[in-house]
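There are 2 protein chains.
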Amino acid sequence: MTSKLINRRDLDFVLYELLGVDGLTARERYADHTRGTFDATLDTAYAIAEDHFAPHAQKNDEQEPTFDGTRVHVIPEVREALDAYIEAGFPAAIHDFDLGGMQLPYVVAQACSGVFTAANVGTVAYPFLTNAAGNLLAAFASEEQKRRYLIPMLEGRFFGTMALTEPQAGSSLADLRTTATPAGDGTYRLAGSKIFISAGDHELSDNIVHLVLGRLKGAPAGVKGISLFIVPKFRVAADGSLGPRNDVALAGLIHKMGYRGATSTMLNFGERDDCHAELLGEPHQGLSYMFHMMNEARVGVGLGAAVLGCTGYLHALDYARNRPQGRPPHAKDPASKPVPIIAHADVRRMLLAQKAYAEGGVALCLYAARLVDDEKTAPTDAERMRAKLLLDILTPIVKSWPSQWCLEANSLAIQVHGGYGYTREYPVERIYRDNRLNPIHEGTHGIQAMDLLGRKVPMARGAAVEALFGEIAATAAAARDAGLGDHGAALDAALDDLRGTTSTLTSVAGQDATLFLANATPYLEAMGHLVVGWIWLRMALVAAAAPPAEGPGMGGDADFYAGKRAACDYYFRWEMPRIAAWTGVLKALDRTCLDMQDAWF
Amino acid sequence: MTSKLINRRDLDFVLYELLGVDGLTARERYADHTRGTFDATLDTAYAIAEDHFAPHAQKNDEQEPTFDGTRVHVIPEVREALDAYIEAGFPAAIHDFDLGGMQLPYVVAQACSGVFTAANVGTVAYPFLTNAAGNLLAAFASEEQKRRYLIPMLEGRFFGTMALTEPQAGSSLADLRTTATPAGDGTYRLAGSKIFISAGDHELSDNIVHLVLGRLKGAPAGVKGISLFIVPKFRVAADGSLGPRNDVALAGLIHKMGYRGATSTMLNFGERDDCHAELLGEPHQGLSYMFHMMNEARVGVGLGAAVLGCTGYLHALDYARNRPQGRPPHAKDPASKPVPIIAHADVRRMLLAQKAYAEGGVALCLYAARLVDDEKTAPTDAERMRAKLLLDILTPIVKSWPSQWCLEANSLAIQVHGGYGYTREYPVERIYRDNRLNPIHEGTHGIQAMDLLGRKVPMARGAAVEALFGEIAATAAAARDAGLGDHGAALDAALDDLRGTTSTLTSVAGQDATLFLANATPYLEAMGHLVVGWIWLRMALVAAAAPPAEGPGMGGDADFYAGKRAACDYYFRWEMPRIAAWTGVLKALDRTCLDMQDAWF
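In order, the protein sequence lines correspond to chains Z and V. Under our numbering, the first residue of the first sequence is numbered 28, with each subsequent residue one higher. Under our numbering, the first residue of the second sequence is numbered 28, with each subsequent residue one higher.
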């Protein structure tokens with residue numbers, strides 16, 4: 028059976044042919060690895076995802092977690108899947124050998140995460156939140172905290188959460204109210220309420236380690252007064268043994284459109300004034316710690332959206348190949364046999380669009396994941412700095428472009444199925460509901476737009492955006508020399524358009540910040556479409572240069588590369604022209620939304 | 028409390044100021060009506076929708092109908108709501124006084140239907156399918172059939188369905204297999220299976236009258252051999268009394284993403300070879316009868332999508348006005364008070380887009396509904412013929428544009444709510460799930476595209492598309508004389524673009540039907556965006572000419588008209604530029620999708 032999660036041939040193409048990930052084994056940190064160990068890890072991820080994660084995805088949706096006032100009930104298949112995941116060592120995939128980890132490159136670990144996510148977004152939420160919390164502990168916790176909290180997380184005995192959002196504050200972290208009071212013994216007593224905390228309560232692990240954003244009593248107002256705290260569900264003694272239940276109360280579960288298998292919780296800390304908390308790292312550094320991990324968390328969201336695009340696409344492709352219906356325009360004899368619907372040009376349009384969005388999204392996200400590796404392990408300072416700049420500018424795009432367009436891909440997957448796609452008998456409607464979360468969490472679409480235009484474009488005097496534009500220009504030039512000159516010219520034209528647009532916008536930033544940022548969202552979308560065009564052209568260049576192993580029509584490499592070329596053609600002919608509609612608004616410094624009055628709605 | 032269904036001021040604006048519906052009372056058929064009777068009917072619709080339909084919309088979604096193997100169970104609130112609907116006379120709203128009807132213009136009845144749909148799409152499915160079946164009976168049934176089937180439907184005692192789709196055939200009606208064999212007494216015995224039959228079984232009415240597409244035994248293959256049959260759930264004797272249960276079996280309920288309150292069924296006719304059926308009208312005319320009603324059914328779907336856009340928009344607007352969060356870019360002092368999120372330009376963008384999509388969609392659909400009236404009751408042959416041409420060319424656009432863009436509006440409504448919008452505590456996630464059906468049923472998006480380009484554009488030697496282009500050109504000219512010259516010029520430019528695109532496409536229709544139709548979908552989308560631009564400019568012209576009753580900022584007419592002008596500005600600056608991306612593909616006669624090979628995916 029061919030996997031309907033992510034096309035493995037495509038994943039290999041992106042990792043090795045596009046990104047040259049096997050070259051990372053030349054670096055000291057990954058010297059014990061080979062392409063063979065990477066492949067074996069991916070094989071294991073596919074096997075566990077197919078055997079343990081995918082089979083209960085629908086059940087996890089239909090029988091979402093419940094709270095009886097005391098305990099949270101989760102279907103047993105979740106625990107079984109997580110046992111397999113833990114048994115295979117995935118919780119510590121990227122961590123040091125010293126900590127019991129696999130010391131894998133981040134990009135390889137992310138590829139594996141993508142496979143699990145494509146199989147079951149609900150179940151993966153538990154380990155993925157644990158991974159995010161674990162990465163923060165690895166970076167900023169004391170040795171003692173690592174021993175008591177991080178090691179059990181890497182071993183799969185403790186799970187973790189990220190507790191940022193509060194009901195009254197939403198995206199506005201400046202308005203957080205959770206407060207920590209010194210207890211006199213170096214620990215704190217925490218009080219506050221958090222909402223939308225994924226995996227915030229369950230009985231899947233021995234303990235849950237919440238990383239909570241809050242304020243030390245008397246801290247400065249706004250984001251400068253935010254600290255990060257470790258708050259376990261059960262207190263952990265110095266010897267690692269579990270103590271009494273901490274004062275963390277589940278106020279209720281949130282019932283969502285999708286992602287239903289993952290508990291989403293409202294948590295109250297300190298209802299009985301006895302919520303024990305430890306400071307993580309230094310006081311008032313909470314937000315900078317979060318930002319340290321933000322790029323990776325956001326790459327993870329983008330990849331999650333992209334792989335949902337992939338699995339929806341593969342389901343639609345399978346349906347289109349096997350569903351006979353209708354006849355081509357030139358053969359309307361009703362006595363003739365109906366054709367599989369993939370024979371209809373409009374169905375091929377919907378499949379090509381999905382391929383362009385989903386495979387483009389995966390390539391973009393894994394490119395960014397490789398930048399995470401390069402930021403940490405590239406041989407020279409200059410390479411590491413360039414990787415950091417590229418990652419910083421790309422992060423809002425990597426988070427938001429797949430969240431927007433791979434949701435659209437899932438809508439097209441439903442459409443290919445016709446009426447069946449709207450029923451709960453086929454997985455595409457669930458995948459679409461699951462994916463609708465991605466433009467919201469980990470910074471909404473609008474927040475990403477403000478981050479891109481308001482922070483990342485001006486950062487380092489424009490060096491980040493210049494680095495990105497330089498990469499794009501180089502690809503456009505390479506295309507001219509490789510028989511893809513039309514697309515190279517189109518990429519150059521779009522790049523010029525975005526350069527001009529960026530200049531126009533930044534020229535008003537100083538005198539009118541409100542006007543500068545008013546249309547940040549179309550800027551994000553135009554940049555996103557440009558960047559994915561660049562990624563597609565890079566893929567087409569690889570495909571054009573690769574010697575096909577066998578002839579066309581065999582379902583082998585020649586067809587695979589022809590598909591890459593065709594999807595790139597689709598992207599350049601159908602998608603790139605959208606950019607001008609966004610940049611037109613931007614270059615005009617359009618005030619329509621800014622000037623709209625409340626009373627006129 | 029302000030209604031969150033459809034802004035009543037906007038509905039009045041469209042009906043009276045834009046479409047001059049009160050002028051219909053000059054026609055003989057509507058001579059007993061006045062604007063007062065129209066208003067009173069709308070008042071009643073709002074009252075019943077608010078009091079009886081909206082309150083159980085969420086419950087209807089959470090507790091969808093179930094089938095215990097014998098009976099279908101529906102929550103009791105549905106019956107109560109339908110009692111109020113029937114009591115007020117809505118089942119016979121458009122029918123003759125002679126039949127006990129209200130003899131209302133179709134456009135007024137559709138406005139009322141929109142109000143009910145905005146309140147609860149699940150519950151309205153029962154009467155709306157009945158209306159569709161009733162309209163066919165009114166047009167084609169014998170007097171005897173009308174007496175036995177239609178009259179009880181108009182009285183609300185019988186409900187109806189439209190049973191077209193079969194599991195193996197989907198959109199391809201040529202492949203229908205349901206077969207009718209003469210019983211020798213003028214009736215038939217029907218055998219076949221139907222799927223996706225909304226309101227196909229329930230105990231909400233004394234009887235269910237299925238109108239079933241099938242073939243007479245020995246009929247020609249394809250669509251030329253399709254007839255239409257009346258198949259009651261309980262047989263009806265000559266005196267109207269109910270006889271034994273007919274051989275119509277519920278094979279199962281279909282579980283859907285949304286629209287959950289409406290039963291969607293698989294029905295088996297003739298499992299025991301005893302399914303009694305009557306021919307409706309003439310043999311082999313089934314498809315032409317369906318086409319007779321198709322325009323109205325498709326206008327109904329478009330309007331349903333548009334009013335879901337409206338109610339989502341009004342919920343998002345209310346949330347945005349009442350949710351304090353964040354500060355404007357120029358006021359970042361964390362000690363300052365957070366502002367309502369409507370103060371943020373990006374939130375206003377999302378609200379303006381929703382307003383543009385939803386109000387534009389409603390105006391488009393009610394314009395088409397008025398064409399239905401004009402086709403039947405305009406004073407002169409020429410006017411009736413022109414109305415028919417405009418309705419024919421517009422129908423695929425009216426069905427599909429709101430289905431696409433008002434779904435997008437609902438996605439933006441979720442986004443305005445942030446994380447809360449993704450939860451089932453707020454109605455916008457349900458509305459979004461409900462609306463996702465509309466691009467699928469009553470002819471998918473792709474089917475509408477084929478209808479527009481393949482049938483409607485060439486029809487009557489292009490007279491329909493020329494009539495539409497003529498209307499658009501007239502509005503562009505009027506804008507130049509009314510201070511809206513920029514938008515008039517932009518509309519003219521887009522019209523020229525579509526004229527050229529249409530010529531390019533039709534010039535290849537004769538020699539290569541496959542190439543002609545390959546990119547029908549972007550043609551549909553480009554035409555849709557042009558047409559809604561035209562509608563918005565017409566609305567802005569009305570708003571510009573209207574004398575405001577009081578000053579700005581009072582929430583009165585001046586603000587309302589300013590809002591119309593601003594939404595038109597938004598549409599022309601942000602939406603019209605999308606057209607060029609679609610027409611570029613079309614004018615190039617792009618073969619990317621057509622040439623894509625199965626093996627390359």
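These are computed hints drawn from the structure, not numbers from a lab. Remember, predicted model here, so these are calculated numbers, not experimental data. Any given hint could turn out to be false.
Which copy is meant is left open, because identical chains are indistinguishable; a pair holds if it fits in one copy or across any two.
[As the list claims (entries may be wrong)] Taking lysine-lysine and the DSSO-like style, the derived pairs with C-alpha atoms no more than 27 angstroms apart in a straight line are:
| hint | residue 1 | residue 2 |
| --- | --- | --- |
| 1 | K31 | K86 |
| 2 | K173 | K251 |
| 3 | K244 | K173 |
| 4 | K364 | K403 |
| 5 | K403 | K415 |
| 6 | K364 | K86 |
| 7 | K251 | K359 |
| 8 | K415 | K251 |
| 9 | K244 | K31 |
| 10 | K364 | K244 |
| 11 | K364 | K251 |
| 12 | K415 | K244 |
Hint-by-hint comparison with the structure:
1. K31 - K86: For K31 and K86, only the intra-copy Cα distance (18 angstroms) is at most 27 angstroms; the inter-copy one is 35 angstroms.
2. K173 - K251: So K173 and K251 pass the 27 angstroms test inside one copy only (26 angstroms; across, 76 angstroms).
3. K244 - K173: within (25 angstroms within a copy, 79 angstroms between copies)
4. K364 - K403: Neither. Shortest intra-copy (59 angstroms) and inter-copy (41 angstroms) distances fail the 27 angstroms Cα cut-off.
5. K403 - K415: Within one copy, since 9 angstroms is at most 27 angstroms while 68 angstroms is not.
6. K364 - K86: neither (37 angstroms within a copy, 45 angstroms between copies)
7. K251 - K359: between (70 angstroms within a copy, 12 angstroms between copies)
8. K415 - K251: Answer is within: at 24 angstroms inside a copy they meet the 27 angstroms cutoff, but 66 angstroms across does not.
9. K244 - K31: Answer is neither: 51 angstroms inside a copy and 43 angstroms across each miss the 27 angstroms cutoff.
10. K364 - K244: Cα proximity of K364 and K244: across copies only (20 angstroms, versus 76 angstroms in one copy).
11. K364 - K251: This pair counts as between: shortest inter-copy Cα distance 17 angstroms, intra-copy 69 angstroms.
12. K415 - K244: neither (34 angstroms within a copy, 73 angstroms between copies)
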